[in-house]
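Take each chain as given, in its own frame, and dock them per the hints.
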Amino acid sequence: MMNKDKIKLEPVVNDNDKEILVEIKDVSKHFKVAGGVLKAVNNINLNIKKGETLGLVGESGCGKSTLSKVIMGIYPPTSGKIIYHGKKEMVVSKNNLFEYAKMAQIIFQDPYSSLDPRMTVGSIIEEGMIIHKMYDKKKRKERVFELLELVGLNAEHANRYPHEFSGGQRQRIGIARALAIEPEFIICDEPISALDVSIQAQIINLLYDLQKKLNLTYLFIAHDLNIVKYISDRIAVMYLGHIVELSTSDELYKNPLHPYTKALLSAVPVPDPKKEAQKKRQMLEGDVTSPIDPKPGCPFAARCPYATDICTKDFPKPEIKAGHMVSCHHVEKINNLN
Amino acid sequence: MNKILEVRDLHVTFHTYAGQVKAVRGVSFDLYEGEILAIVGESGSGKSVTAQTIMKLNPMPPTQIERGKILLGDKDIVKASEKEMMAIRGKDISMIFQDPMTSLNPTMTIGRQLTEAIKHHKKLSKDEAQKEAIRLLKLVRIPNPESRIFQYPHEFSGGMRQRVMIAMALSCQPKLLIADEPTTALDVTIQAQIIDILKEIREKTGTSIIIITHDLGVVANMADRVAVMYGGKIVETGSVDDIFYRPAHPYTKALLESLPKTDTDKNTRLVSIEGTPPDLLNPPVGCPFAGRCKYTMKICKTQMPPHFEPSKDHKSACWLLHEDCPYSDFKNPDGGGENDE
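Chains A and B are the protein sequences, given in the same order. Under our numbering, think of the first position of the first sequence as 16, with each following residue one higher. Under our numbering, think of the first position of the second sequence as 2, with each following residue one higher.
Excised from the complex, chain B in its bound form (with noise of 0.2 Å):
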């Protein structure tokens, strides 16, 4: 498989009147053709901040790209201009966004709304365009696109806005859709609807998807490979089934424990996480968990473990995967552990 873009080392600050608050601080990951990758973590662990600087999303100042690279193909986006970026953004790369009812604009139809990037970027006709138009609403399953181009984005329920929203995105068969808590903003069986969509799309055109989310129902149903990301780091990498079912970073294992599953019974109690995220203003020396792991040994407080690699591309980033650490029971996750059939 190809490789479409290949993130290195990346760190990115936010300048603020409390000091600088550094969101992310050294993402690496790799995104083949035609994959779902997904990032979960929870509020300001920086998957949300990783996203937007692929798409330089963020206004620069107060956001700084501090170091890394961002290649896509053999393009570095740290390094585009604006300029260069406009070319990119909607036809190598698209993005959607959590809240499908702030993301379209209130004044425009949506015929016209997504016409305008297939007429900028593909040089197309109006009536060419508009023909354009109704094929990509069919694809997101809506129906009547021939009379609802015409519509405002207010005749649209929510879950239409967003695949709308989908549709406009694909409009120039970017390839790679980042889709940024797609389905949070969503009900269920519109969220079903939602992911169901993205998967039909990946099948057929084989764009890569990048998904955010801090819903790791819809990581396993959706995604191929996973990264976990905790105080703006990515701590663990690997394929879904390493993920769920062999976690080798305390805090995958502890965010899948703290979950209720279907037959958790009233009586067992949820194993909850203690404590609270790092201060990403001051963020620890060592690993961003150290405060909250139940294995917290003193090199975690003094210095950043490197990525061990538990399994052919399975990545975590944990002492405990020290060769030479005491602790066994985390060092081979592939044998015996508890979901293992």
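If we strip away everything but chain A, and leave its shape as in the complex, we get (with noise of 0.2 Å):
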């Protein structure tokens, strides 16, 4: 299936083509646990690009959740700064929180306990206007019937309590909240993982729709594969700590260049029993090592059927390789790059 003579050189990873909206450079963020330094963020560089969903995906484990909530300033990183170039220019700190949430906002996976279940769900949508102090009580009360209707539910459901409605509506009123104080950016952590897999489509439509109608910015977190790659535009991804390969999410999928992106993609069985029997896997053997003082080198030097000497000695430059940016010492070797 990889064709690895016809890897166009494309430049996938022009930063230059549209406006940045927020700058990760060289965001690290290490907790310190019994046992050591668990390094769950490692110098981490990414654009994240107006207007764009940028996917980011990775196994549990990765740093893919620690990351998000080092971008929402939830956690200060332990070094290097998340600069936002929305409405307003920061760098993100404890200081400027309150007016950065206004413009960055979060949708939790789990739809079940993210909402409060004491409160109606017009008060759930509107607390946050009050609190950003947007516009008077007869407005946001309409804002809120609005905000039901643009996710798909009923001005009448603002007087219902979360309890009374259903995983996927309860993801809708998740969506409404975060909407309501008309944010440019908002990070989708696993947003449809708990859902099943009717209604999934349902929110990743609505999601979409989204996007156009108010020009969202999207960092998409998620584990399921195929879903990552339907609405990212590009996929970063992760392995303990480290983006190993960022790229166009068609690129990555076509040809990827890291040995663990391709074990990856193997991996996701896809829902076509002949293919299915075609497919070549590449069996990843053991378990991602514990991310407790990681051991200096590439990170997935453990598991990598390519590794070397220098892969357990050096941590291998991100470089810009046939359009994707990867890091990897023998990434031409394994792909027969030039």
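By construction, these hints were calculated from the structure, which means they are not laboratory data. You may find that some hints are simply not true.
Mimicking DMTMM-like on lysine to aspartate or glutamate, the simulated pairs with C-alpha atoms at most 20 Å apart in a straight line are [stated by the list, open to error]: (1) Lys289(A) <-> Asp197(B); (2) Lys294(A) <-> Asp242(B); (3) Lys290(A) <-> Asp264(B); (4) Lys262(B) <-> Asp248(A); (5) Lys227(A) <-> Glu164(A).
Given below as structure tokens:
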């Protein structure tokens, strides 16, 4: 399936074609835990462009949620900084979080625990507007009805409580809440993982329509790679706190360059028995190594079938190869690139 | 092939404060030797309850098997006493669960948990049982099983624990292994390992497997036959190719269309199924999917369709397949479906 000779050199990680909205500059986040330092996120450089959907994929424990919390300003980074170029320019810090939250919002994975069961849907959606002193009381109520309709619910739902809704409807309430204060940037942290298959498509379509209508920028975190591919313009693959590959979503799926991306993509079962039977699996042995006091070198070295001495010694610098940003010592050799 | 399990017209209800939840409403299927049957459905479709009822794991009351038969060989599990079930569980039928974190006992070593069943059912000595435990751990590809058997569950990762669960389930060479969402809690690369192990075990031991899942990718990868459940009923059964390439029920078809394929482009909209599944406290009289189906006819809301057979061993409960139904595009799914080659 992978045609190695036909890799086109496209400047897919060229950052100049669109304005940058969020600049993640050399960000690390380390936690002190019993037994050492847990290096959840390490020296990440990433730009999120205006109007795009950037997908962030990786397995549990790879640091994708920690990174999203650093970007949201919930965790201060251990080193590095988040620079925001939206309605206001700012370096995200403790002092301007209130202002930042007006522009950047988050949608959570679990629609059951992320809504206060004692508040009506209307007051859940209105709360953000009250906190940010937006509009007067009458206008706020109108906005609540508008938002409910925008996400595919009815105005009369405003007086009900979260437990009266199904998972998919609750996720719509979560989306309405995030939209209430008119943000530009939304982090979607696994927004569909807790939903049933037949409901997932509804929410994905809704997020897509809202992006078009309101000119939103998304950081879309998920582990379902088929969905990420569908919704994202570009995808970043994380492994043990590092971004190992970044490319446009089509390119990443057609020509994955990093051995981890290759293994990850080949492990995803596709709903097509014939393709499944033909597919050559690149089975990864073992489990993800611990992020507590990680060894120097490439984070993937312990499970990589191509690993050599250099991989356990030096961290591979991210380079632009065949239009992908990839960090692997042997990327040319593995992919027959010159 | 020999039939090893026959489920006939199974009805299971739960008594709750709100009333009777009719979780399983007339489920029938067969399972043959060495076969992998996937039961797919959304949460609340009754797939897990069906599986748990085969093992009789649900506490009764509040669970009640209203009627139906579950024949394992010539034994009817519905009528079996708890004592008889003790002899069947683990020996003839065993089960692995979704969450490997909570289904192992945290206070016992892996070795002791593994040998418990072996000692009980096979009457082996301690040494022999331990040797058997090591052999089983090797079968599920756990490195250094000799030292691993003295460790506790918390020293194992999620994928490793699920493998221990599989080893434990296999310890008495059951005829049937029921895997209830075995990979849902695991990462994709680990999921691939577990699927591989399950397929390998089927090859090596000839155990039949019922896999319960909502992930159609997993189904496409490992199942021989598929039963699609919706609202407590099986709406379609068929070979894996029938289901994926010639779906004959609007629900199956919509479900497949709602998934983005690897070549789905960003500008094509996902086909979504509007609405939500039926409430099983007051299940609909007619077809459970009638409320969300784009082909709904009058009869769909008043009468449950029988199982029609569009092709051999492919059954679908949908009025569209009735010979006098005027809509023809559904009747002959073998002719010219989009996915056909």
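Hints versus structure:
no.	hint	result
1	Lys289(A) <-> Asp197(B)	17 Å, holds
2	Lys294(A) <-> Asp242(B)	16 Å, holds
3	Lys290(A) <-> Asp264(B)	12 Å, holds
4	Lys262(B) <-> Asp248(A)	16 Å, holds
5	Lys227(A) <-> Glu164(A)	16 Å, holds
Violated hints for the displayed structure: none, as all numbered hints are satisfied.
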